[in-house]
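Q: Residue numbers (this note's numbering), protein chains in the order written: chain A, 6 to 329; chain B, 6 to 329; chain C, 6 to 329; chain D, 6 to 329.
No lab work stands behind these hints: they were computed from the structure.
These numbers come from a predicted model, not from an experiment.
Heads up, a few of these hints could be off.
If several chains are the same, the list does not tell them apart, and a pair holds so long as it fits within one copy or across any two.
[What the hints assert, rightly or not] With a Cα cut of at most 27 Å, we get these calculated DSSO-like pairs of lysine-lysine:
(1) Lys-175 / Lys-12
(2) Lys-175 / Lys-296
(3) Lys-115 / Lys-194
(4) Lys-136 / Lys-12
(5) Lys-136 / Lys-175
(6) Lys-194 / Lys-136
(7) Lys-126 / Lys-300
(8) Lys-175 / Lys-115
(9) Lys-182 / Lys-126
(10) Lys-194 / Lys-126
(11) Lys-115 / Lys-126
(12) Lys-194 / Lys-296
Protein chains: 4
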Amino acid sequence: MNVFGDKWTFTSFGESHGAAIGGVLDGVPAGLHIDLDLINYELDRRAARKRHVNDTETTRKRDVNDTVTEAASYGTSTRAFREPDEVEWLSGVMDGVTLGTPIAFIIRNKDARPEDYEFLKHSYRVGHADKTYEQKYGIRDYRGGGRASARETAARVVAGCIAKQQLAAKGISIQAKLIQVGAETDPAKFADTIEAYRQEGDSIGGIVECVIEGLPAGTGEPIFNKLQAELAFAIMSINACKGFEYGTGFGGVTQPGSAINHISGGIAGGIADGTPVTFRCVFKPTPSTPKAGVKGRHDACVATRAVPVVEAMTAMALANLVLS
Amino acid sequence: MNVFGDKWTFTSFGESHGAAIGGVLDGVPAGLHIDLDLINYELDRRAARKRHVNDTETTRKRDVNDTVTEAASYGTSTRAFREPDEVEWLSGVMDGVTLGTPIAFIIRNKDARPEDYEFLKHSYRVGHADKTYEQKYGIRDYRGGGRASARETAARVVAGCIAKQQLAAKGISIQAKLIQVGAETDPAKFADTIEAYRQEGDSIGGIVECVIEGLPAGTGEPIFNKLQAELAFAIMSINACKGFEYGTGFGGVTQPGSAINHISGGIAGGIADGTPVTFRCVFKPTPSTPKAGVKGRHDACVATRAVPVVEAMTAMALANLVLS
Amino acid sequence: MNVFGDKWTFTSFGESHGAAIGGVLDGVPAGLHIDLDLINYELDRRAARKRHVNDTETTRKRDVNDTVTEAASYGTSTRAFREPDEVEWLSGVMDGVTLGTPIAFIIRNKDARPEDYEFLKHSYRVGHADKTYEQKYGIRDYRGGGRASARETAARVVAGCIAKQQLAAKGISIQAKLIQVGAETDPAKFADTIEAYRQEGDSIGGIVECVIEGLPAGTGEPIFNKLQAELAFAIMSINACKGFEYGTGFGGVTQPGSAINHISGGIAGGIADGTPVTFRCVFKPTPSTPKAGVKGRHDACVATRAVPVVEAMTAMALANLVLS
Amino acid sequence: MNVFGDKWTFTSFGESHGAAIGGVLDGVPAGLHIDLDLINYELDRRAARKRHVNDTETTRKRDVNDTVTEAASYGTSTRAFREPDEVEWLSGVMDGVTLGTPIAFIIRNKDARPEDYEFLKHSYRVGHADKTYEQKYGIRDYRGGGRASARETAARVVAGCIAKQQLAAKGISIQAKLIQVGAETDPAKFADTIEAYRQEGDSIGGIVECVIEGLPAGTGEPIFNKLQAELAFAIMSINACKGFEYGTGFGGVTQPGSAINHISGGIAGGIADGTPVTFRCVFKPTPSTPKAGVKGRHDACVATRAVPVVEAMTAMALANLVLS
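This is chain A alone, in the form it adopts within the complex (with noise of 0.2 Å):
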């Protein structure tokens, strides 16, 4: 299925080289102002869309719409020449306020070219999902990835931000960034490193670490649906991802309860008890790489690009705790 929540609920829809991708978003109330402009710079940050300058044809052709892989199309870099992804409005929303009903919107795939992707139509790509699809389904668009490819995102993005801005109506900010790429945890040494590893035509990955102030204590359910539950199983759906932990996570097995027991991550019994909720989450490397005999300039460290994704689930996963 492809809905995110149950009160306040995110239908995705569409193929990376399709008609369109978009959602439908229900639940949201009625007399919210939608602040497009914010949609939009946040569509630019998971595109990384303002940098690059020189990409080759080849890559051109194949980043078009995000489809290279699940992970390739997250990185500082490539996407030259690129068209902002334009968002249209279908319902919902009359002179920029919610109505209350159903919020549905498109992303128009552009210049799709569907034939560049003939050769796919037979072969699967290593580390992407393309025969597991097949495994599942008997069927599946070879046409850039389909379902699987990053592009999905951009219509999280969109729906994250709505949530977003209601959420901010209440009290409550949503921050991420990007903490650790490879073995480097200085953020002055990221740009570098990543450069490093596009150098050799090789990838590396990286962990994002999101905090959340303003959450009400109370917050989460006790026993299945705890607060940390709810934010895993929204993070762990983000392509590329591989982890997540939050409090004294994994680091915290080698210290003694005397010396990390007052650390409570923001959350006791599965409920926020009012302080800044903190987790981290781990992003593997692209496979699409010239090591990996894919061609053209590369992604060579996709978790930067998922820093807006993650905040986009993280704040679908507490508009529909909190906001429904």
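Starting from the known structure of chain A, arrange chains B, C and D on it as the hints suggest.
A: Then chains B, C and D, alone, in the frame of chain A:
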């Protein structure tokens, strides 16, 4: 809410010092023979029941019904003279065979003596959920932890064991084990390591690894309900669990793509690829230690008792995905 | 599945001749005082318990636990010497006040004597669900109807009474009554009408009308979850119910728009308009009659006992819409 | 919420005078050939598109996009010069075959001219949902009914037609027809009866009967999700529907058990018994008539256009029960 799953569902109920804990399973098909001995065996694993003989009276009172803390009721020791948990089946089973109707069961709380907990009526225990429950509900069952008690996991173990039996009939097996205690990774030395922390009146965390074999390729949904997201949700709902990872996990962050991209962890694009699925999760040390002012024999490493609970939650997550 | 509601939920379990019937309520807020006397009163209404003195022994055995048929256990008469249903509360309530945690309760089945039903092991009763259960599950609890027994509605009445108490605290009241028995619409003559059918060894249907007052304008969802759709779903789930209508109903078909368009039935576009909501539902006659070969005193009009069940289901439908 | 179903799901969106109406289907399996002609045929049935030629300009403006009222857009007449509804497929289908991914589609609203509705900005229409929407949301799309417009049912017809195609592949057929108009039960006289009401500037209700054939015995859940409850929920969500009955229905109330207990209506204990399932539903007359002050040609009997919507909702209810 207190329901796990949406097709194969388990509803959990019961306070640790109320009349009983228990649950209702809905969606278990008719005609399944339930192995009651296996359920009792799993309950004993969780209770670590057979080992201990000389707890102090103080401890015995505190530990009855597992109520001490979110974390403390797991462990390699401590529950002397305890009667085994006895499951009473209320519905859904006739002559040991399921009817296709809801399976309800209870485990009575014995010797609860709520008066022993009067002292908690107006105080919160450090590192426990006492305060957040009161923040959420404005009221709490102060008798030994209520729903936040690890005793609640006994009901999960019963439900998970039925799920395991259903999965086994389809050739799917689940096997969890402790792979790290503190910094120690040699299983031969876990007991000594734990004993050393106990001697110091302290506690230590641990990491549990779980392997799923026989899961059909195609299991899992590609977008939000990715297999790894469903597993993370199930596992992060266990008391004291602080992190979840699969495949290359957090450790993979220092490795280049060229070194680790062949590792799938059994999942691609959120969908099982037919190879074994392996994940790990970390449990923090209990806050209830002599060093923290709690008297009596204590569970120096609750991760040991988490092992059957990890299997139970994994089984339920898979049951909901493949058995309904 | 055996769950009603998605926010305020009630899970029902139990075979009529197993150990117990019961249920779990999830989503009832903390701090509600439960009026246990009111629950017992509603159970007596459903059981029509106080009236009867001279049933034959044959009937008494058959009727214990309400198991005779889908329909037969409602009625104005018949259950002599019966002990009242006793509710045992297992969780979620402390000192008569809800904790915000799941409320589990059971009603033990007394004097079940499943051996009396051995004769049903290999036969289906006419007009009952024996055969469809076996078609669905390949197995059934032949002991007196199992889950298809009207006894299951006792658990609904308990749950519905808690919902009613919550609704009453918000100024919402629900009142159902019998308005037609056969062709008779004068309540003063209902008893005689029913008695006449009983004398003939036959049975007769009835119509129940229900009025909801105090429902806030705006209750209900405009498209699929229209208030009338939610009510119809709840009411049509009652054993022996064959139809639901509100506002102008079926009778309105012969009236021109100009004559009846002022009648809203309390709902416009699926949403409550703040005026009383009135609906009607019809119950078929029981198939278990002397005329049909079933011996002993019988329920000649099960619609009479459906009245508290109609209120209970209405209360649960509204609880799910307005209390969660 | 705007979702129908929980396994086979349809999410509906769109205001009648916004950019588009549309929907997302989730849970349709991969590999289904979609018959687009059949979908267009069903849309024409709902729009009653082929018949009319000489509507007044006033009527044409009012009727564009079906927006007049909850009820008025069904009917045997009136929509001259109208372009057929054109479905644009956005995702989930490649070369006419489903991919197993969400199927999203839109129908653009043409010639909407919201300025024609300015006069409604500060007034409520009698018998419509204008006021309850505003009570619920505090805001409404005053342009021609918004979501309350019967135009929304066009999206249901598209989704239902896909469900019907899936069901047909399993040998399940659904056939609805008008069986009563006012007091008239002879189909040969329906047209004249309706025309007579139109001449008087008035309107009249009707009863639709629907027969499901080929439904496997065992379909339906025995307690809350009885087959009749699921059907009633689906049907009562249709605009202007005021009642649902099956089997002996309301008419059976005057018959003794001995006369009607052999009638199952295709369902026993909530579960299909393998025989045809027959139900009936009633539609009220439109409030938008010359007699009520609404000018122009009007739909004198909206029940006629409800027929394909009844089939669509039935198909979706069954798809959710048997196809997922």
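Q: Any of the earlier hints contradicted here, and which numbers?
A: 2, 3, 6, 8, 9, 10
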